[in-house]
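Fit chain B to the given chain A structure using the hints.
Going down the list, the sequences are from chains A and B. Here the first sequence is numbered in our numbering, starting from 63 and rising by one per residue. Here the second sequence is numbered in our numbering, starting from 63 and rising by one per residue.
One or more of the hints may lead you astray.
If several chains are the same, the list does not tell them apart, and a pair holds so long as it fits within one copy or across any two.
Once the Cα atoms are required to be at most 30 Å apart in a straight line, the calculated DSS-like pairs of lysine-lysine come out as [to be verified]:
| no. | residue 1 | residue 2 |
| --- | --- | --- |
| 1 | LYS268 | LYS321 |
| 2 | LYS208 | LYS327 |
| 3 | LYS365 | LYS268 |
| 4 | LYS130 | LYS327 |
Keep in mind that the hints were calculated from the coordinates and are not lab data.
Each chain, letter by letter, is given below.
Protein chains: 2
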Amino acid sequence: MRVTSGDALIELLRARTVVLTTHINPDGDALGSMIALYLFLQSRSIQVQMWLDDNLPRMYSFLPEIEKIVRPPASTLQVDLFVVLDAGDASRTGISATSYRGRSLNIDHHLSNRDFADLTVVDETVAATGVIILRMLEEADCGISKQIANCLYTAIATDCGFFRYANTDTQTFYAAARLVSYGAEPNWISEQLQVMPLSKITALSKVLDTLEVSGCGRVALIEVPPEVNSSDVEDTEGFIDYPRNIFGVEVAIMFKPSKEKQTVKVSFRSKRLNVSDFARSLGGGGHARAAGCTLKGTLPEVKSMVLIRVLSALREAGL
Amino acid sequence: MRVTSGDALIELLRARTVVLTTHINPDGDALGSMIALYLFLQSRSIQVQMWLDDNLPRMYSFLPEIEKIVRPPASTLQVDLFVVLDAGDASRTGISATSYRGRSLNIDHHLSNRDFADLTVVDETVAATGVIILRMLEEADCGISKQIANCLYTAIATDCGFFRYANTDTQTFYAAARLVSYGAEPNWISEQLQVMPLSKITALSKVLDTLEVSGCGRVALIEVPPEVNSSDVEDTEGFIDYPRNIFGVEVAIMFKPSKEKQTVKVSFRSKRLNVSDFARSLGGGGHARAAGCTLKGTLPEVKSMVLIRVLSALREAGL
Numbered sequence: 063m064r065v066t067s068g069d070a071l072i073e074l075l076r077a078r079t080v081v082l083t084t085h086i087n088p089d090g091d092a093l094g095s096m097i098a099l100y101l102f103l104q105s106r107s108i109q110v111q112m113w114l115d116d117n118l119p120r121m122y123s124f125l126p127e128i129e130k131i132v133r134p135p136a137s138t139l140q141v142d143l144f145v146v147l148d149a150g151d152a153s154r155t156g157i158s159a160t161s162y163r164g165r166s167l168n169i170d171h172h173l174s175n176r177d178f179a180d181l182t183v184v185d186e187t188v189a190a191t192g193v194i195i196l197r198m199l200e201e202a203d204c205g206i207s208k209q210i211a212n213c214l215y216t217a218i219a220t221d222c223g224f225f226r227y228a229n230t231d232t233q234t235f236y237a238a239a240r241l242v243s244y245g246a247e248p249n250w251i252s253e254q255l256q257v258m259p260l261s262k263i264t265a266l267s268k269v270l271d272t273l274e275v276s277g278c279g280r281v282a283l284i285e286v287p288p289e290v291n292s293s294d295v296e297d298t299e300g301f302i303d304y305p306r307n308i309f310g311v312e313v314a315i316m317f318k319p320s321k322e323k324q325t326v327k328v329s330f331r332s333k334r335l336n337v338s339d340f341a342r343s344l345g346g347g348g349h350a351r352a353a354g355c356t357l358k359g360t361l362p363e364v365k366s367m368v369l370i371r372v373l374s375a376l377r378e379a380g381l
Numbered sequence: 063m064r065v066t067s068g069d070a071l072i073e074l075l076r077a078r079t080v081v082l083t084t085h086i087n088p089d090g091d092a093l094g095s096m097i098a099l100y101l102f103l104q105s106r107s108i109q110v111q112m113w114l115d116d117n118l119p120r121m122y123s124f125l126p127e128i129e130k131i132v133r134p135p136a137s138t139l140q141v142d143l144f145v146v147l148d149a150g151d152a153s154r155t156g157i158s159a160t161s162y163r164g165r166s167l168n169i170d171h172h173l174s175n176r177d178f179a180d181l182t183v184v185d186e187t188v189a190a191t192g193v194i195i196l197r198m199l200e201e202a203d204c205g206i207s208k209q210i211a212n213c214l215y216t217a218i219a220t221d222c223g224f225f226r227y228a229n230t231d232t233q234t235f236y237a238a239a240r241l242v243s244y245g246a247e248p249n250w251i252s253e254q255l256q257v258m259p260l261s262k263i264t265a266l267s268k269v270l271d272t273l274e275v276s277g278c279g280r281v282a283l284i285e286v287p288p289e290v291n292s293s294d295v296e297d298t299e300g301f302i303d304y305p306r307n308i309f310g311v312e313v314a315i316m317f318k319p320s321k322e323k324q325t326v327k328v329s330f331r332s333k334r335l336n337v338s339d340f341a342r343s344l345g346g347g348g349h350a351r352a353a354g355c356t357l358k359g360t361l362p363e364v365k366s367m368v369l370i371r372v373l374s375a376l377r378e379a380g381l
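The following block holds chain A by itself, in its conformation from the complex:
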């Protein structure tokens, strides 16, 4: 049943025992929203636990109380309210239905929400689940602590790419403004999130060494060389933005060969070309400006095949 954030707040304040959880591969919105709600419920003397069926990314270790997040228990727990944050589908939490007994509440901002819970608060118009949590806590009218403000600021800022993505709207900025008035520290949070392991910088250096430009400057290509530990997904995240941001480049392509599987993972980023259609024609998928596929073959084979097809797609699109 769809309910308002006000109704959900009443349910939460009525509960004596609450479990909060969120999706696997948690991002800033998942963790920030969960910890903010945890801190609020704790301050109201409600017994609350945070569950996560995944490892915690080290980059969020600056968030308060993050060490209180635990793996779901093996036995079944009886709770008044089981809350799933920032996920539109129960399976995204990785938690089996036998882990808990109790009513379920889902708070989310994804268009694809599947109404899987007993009570669902969804607002697809907001940039982050953190905006919905902020509204709920403001409705509770009991003051928002600096710690909660920092968690919600992290949630919102990370989900809108620090106010750079297309989902950044008036609501996003008004939410950020209020959070700063409650004590959130944009500079401190941004500093915490900018920290990278040394291995990422050396990997970036090695990947950028492979940069090639083709098609009169319209296509830029990079490779992830074998010495860069390609098992660690986080390590090459964001690298494709470098070729994409080059002046005049329409399409950036990153090639990540896997020796064992004799395949090459290919990622596309574009300024105007619809690379989702393009990736789909190669058996992959994605979004209009960010897509990918995995192809069989050696790196030189895949590279020349993909380049020829990208150049012809650009020609067809008149770019």
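Showing chain B alone in chain A's frame:
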């Protein structure tokens, strides 16, 4: 004489001829504020010109009407109002006092403002001159166009490092929220500003290849190799943030040798150490977390001397 933004607005609307200018090495706040005010005065049928005694950085070429900005003329121009934006000192404009005759108005947000103009509007509490212009145009109550909103958004977002610097406060976010409601496009503007020349990416790649870490991971060093065209200041801007953002690094140092002068330009960025004091002890200066100096000697000499002194400064600071 210090006046309010309302008084300044009345002066502007009373004028029939206005010249706007800003500081040399113009940034987003300088150009965005100037063009926003230009568009507003034009819409009120006031004769207005924009002067800049410098080249226009290519990265801002997406701003509307930027091609209307001209060099100051050789002869003296009589105007009702000569407006200096985002500069606290007349000399920062590079324009000689013989270029114009008329009353001067200065609109600025720098603490160091020298009250050089006939009328001065200064607000040191705001992150950008664009915030003051926004307020003025809102007081004029005649609607803010999408073009003006994009100029002012650029002004504000660039001066607060896209909401990452310590000057990002509640006012900054409220201003951004209102600008988006007037039609500003955060995603589009961010895309325009992320575009880099190919030479910058290849320079980054070469500079990152020189990365060294010392002092048990607390000091990270990079060099600008001779093949990177070091005359172009813009080209290595931001590079020192890569070593600085490495996990565990306290101080990042960038060395830029000049063969002709037999000197090495040394830049420092830190997380906690006061590098301003440190740079001053070497004849340089700067801010607490970003400073620099220029030293005589070869690169290996300067490098080992600086590293020894940084390590001892870290020891003294207990870091």
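Can you name, in rising order, the numbers of the hints this structure does not satisfy?
Hint check: 2 and 4 fail, others pass.
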